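Protein chains in written order, with my numbering: chain A, 1 to 257; chain B, 1001 to 1257.
Hint data in this document are derived by calculation from the structure and do not stem from the laboratory. Bear in mind that the values here come from a model prediction, so they are computed numbers and not experimental data. Just so it is clear, CB atoms sit at the ideal spot from N, CA and C, and this is done for glycine as well. Hints are not guaranteed to be accurate.
To be verified - Not everything, but these chain B residues come out facing chain A in the computed CB check (under 10 Å): (1) Asn1079; (2) Val1083; (3) Asn1092; (4) Ser1130; (5) Arg1134; (6) Phe1136; (7) Ser1162; (8) Ile1173; (9) Ile1199; (10) Pro1200; (11) Leu1201.
To be verified - Covered by chain A, according to a simulated footprint, are these stretches of chain B (three or more residues, beta-carbon under 8 Å): (12) 1068 to 1076; (13) 1144 to 1156; (14) 1231 to 1239.
To be verified - Just some of the chain B residues that point at chain A, by a computed CB distance under 8 Å: (15) Met1049; (16) Met1051; (17) Thr1052; (18) Pro1053; (19) Lys1080; (20) Ala1084; (21) Gln1087; (22) Gly1095; (23) Thr1097; (24) Pro1113; (25) Gly1117; (26) Met1140.
Number of protein chains: 2
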Amino acid sequence: MINIVKIGGNVVDDPAALSGFLDDFARLKGDKILVHGGGKEASRLSRAMGMTPQMIDGRRVTDAATLDVVTMVYAGLINKRIVAGLQARGCNAIGLTGADGNAVPAVRRSPKPVDYGFVGDINPNDINSSLILRLFDSGMSPVFCAICHDSCGSLLNCNADSVAAALARGLSIYEEIRLTYCFERPGVMLDINDESSVIPLVTAESFARLREEGVVAEGMIPKLQNALQSASAGVDEVRICAASALLGDGGTIIRRQ
Amino acid sequence: MINIVKIGGNVVDDPAALSGFLDDFARLKGDKILVHGGGKEASRLSRAMGMTPQMIDGRRVTDAATLDVVTMVYAGLINKRIVAGLQARGCNAIGLTGADGNAVPAVRRSPKPVDYGFVGDINPNDINSSLILRLFDSGMSPVFCAICHDSCGSLLNCNADSVAAALARGLSIYEEIRLTYCFERPGVMLDINDESSVIPLVTAESFARLREEGVVAEGMIPKLQNALQSASAGVDEVRICAASALLGDGGTIIRRQ
């Protein structure tokens, strides 16, 4: 079984939360991969350098100067901080972009209808599974940021949720996969103000119903769609939970169908 | 035989020189490692962020904010640019800091007599040779920047020449090693204004003589001392040459004694 865990800005931006999470991730048994987002650090650095971060539909428009910034922040600062933190906890982490060892090749997104610049998308079939399985054999835990490459010399800014999903789908041919999305809430909730209202299990059918009834909030729709897609494409279990629940059982689970 | 090649700012800072170098490095046969310095990019970013780079005897004083900057620039921007460039040239590069896979553990330098901050030194015996040999077995070429870690969670800014030397000495137990330092001149020259005056071979004896006669210039003394030390510690050949001469024969050679 391979655990693939994705963390975002709510963990990466908060030193105490990150430290607690790394304690838990280091304790996770067996083969594991960590995929991290970038949080607010990239926007902070952009602003410090006199640039104005531009987002369309929550995605960063990545011109050449912004690509340099996200490469510095995601592949440099955050990735290596996490790797050093895991090493100190006895977890033999190895930080990678998709370019390293050609681990995650991507394709630059078409500039139409929206030109996002150096932004890429990933085909799960292109994941370099043999590299990752060899790293596992050597006792290492890959730590991925969402910087990938087009195999023609250009780095591409990808989406960390998508990198995690592509790794999960690509590796699901070889091993049972548990994909965990850590986010700022304990799971998908019936009532956004009631933490005890987490829906323990979502299926394609219940998702359609929840969506019809307007129960799942806007931000949750792509997350759940993504999870359902992974589960229908071979990922055995997708869990959406709080970072602090990594070693526990809580959260919302979507199972392979 | 393992080729270990170190490049510095004169290559890293010049896109045309870097591109030509990567062409050559990709063509280099067999197992190989690239170690790169950071060039002026780190100072530029420091200044853009309102910091004043501080150097003592050519070494960067690395406070916490500067450590973030060099981690971003060396481990992020430059390392991943090189990796993507090599991948595009058919060389299966994997970019690493010393923290990744615990490849190159370092020890923080004593704050006395000079407090350099988060600066580390490397013991060649600590190099994680088995990791590097396994990467070679998988057909990969490691690309190292000089960011290492103290195994307790802190990254450390190290010297790229020293990282290259430590890798060469650490791996010399297993394989014949050729260590190449690319720099801005064609080699150690008798007359700094005459490129045809390169000294083809330097030994401990000839170095002592050249130094006595005042032939070797100031900056060359530590470079040659370092090379002689590597050669006496098991590295089969150290070559000091221009980056453009990587595939050729020129430069100054120091052989194992």
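Going down the list of hints, with the structure as the test:
1. Asn1079: holds, 8 Å
2. Val1083: holds, 5 Å
3. Asn1092: This hint holds: Asn1092 (chain B) lies near chain A, its Cβ roughly 6 Å from the closest one there, short of 10 Å.
4. Ser1130: Holds, because the Cβ-Cβ distance from Ser1130 (chain B) to chain A comes to roughly 8 Å (cut-off 10 Å).
5. Arg1134: Holds - the Cβ of Arg1134 (chain B) comes within 10 Å of chain A, reaching about 6 Å at its closest.
6. Phe1136: At about 12 Å, which exceeds the 10 Å cut-off, the nearest Cβ of chain A leaves the hint on Phe1136 (chain B) violated.
7. Ser1162: Violated: closest Cβ of chain A sits about 19 Å from Ser1162 (chain B), beyond 10 Å.
8. Ile1173: violated, 19 Å
9. Ile1199: Because about 37 Å separates Ile1199 (chain B) from the closest Cβ in chain A, which is outside the 10 Å limit, the hint is violated.
10. Pro1200: Where the cut-off is 10 Å and the nearest Cβ of chain A is about 36 Å from Pro1200 (chain B), the hint is violated.
11. Leu1201: For Leu1201 (chain B), the interface hint is violated, since the closest Cβ of chain A sits about 38 Å away, which is over 10 Å.
12. 1068 to 1076: With 7 residues closer than 8 Å to chain A, the region 1068 to 1076 of chain B meets the three-residue bar; holds.
13. 1144 to 1156: Holds, because 7 residues of the region 1144 to 1156 of chain B bring their Cβ atoms closer than 8 Å to Cβ atoms of chain A.
14. 1231 to 1239: With 0 residues in contact (Cβ-Cβ under 8 Å with chain A), the coverage given for the region 1231 to 1239 of chain B is violated.
15. Met1049: At 5 Å from the nearest chain A Cβ, Met1049 (chain B) passes the 8 Å test, so the hint holds.
16. Met1051: Check failed: Cβ of Met1051 (chain B) comes no nearer than 10 Å to chain A, outside 8 Å.
17. Thr1052: violated, 15 Å
18. Pro1053: violated, 16 Å
19. Lys1080: Since chain A brings a Cβ to about 5 Å from Lys1080 (chain B), closer than 8 Å, the hint holds.
20. Ala1084: Because about 5 Å separates Ala1084 (chain B) from the closest Cβ in chain A, which is inside the 8 Å limit, the hint holds.
21. Gln1087: Since the shortest Cβ distance to chain A is 6 Å, the answer is holds.
22. Gly1095: holds, 5 Å
23. Thr1097: Interface hint status for Thr1097 (chain B): holds (6 Å vs cutoff 8 Å).
24. Pro1113: violated, 27 Å
25. Gly1117: Since chain A brings no Cβ nearer than about 16 Å to Gly1117 (chain B), farther than 8 Å, the hint is violated.
26. Met1140: holds, 6 Å
Hint compliance for this structure: hints 6, 7, 8, 9, 10, 11, 14, 16, 17, 18, 24, 25 are not met, and every other hint is.
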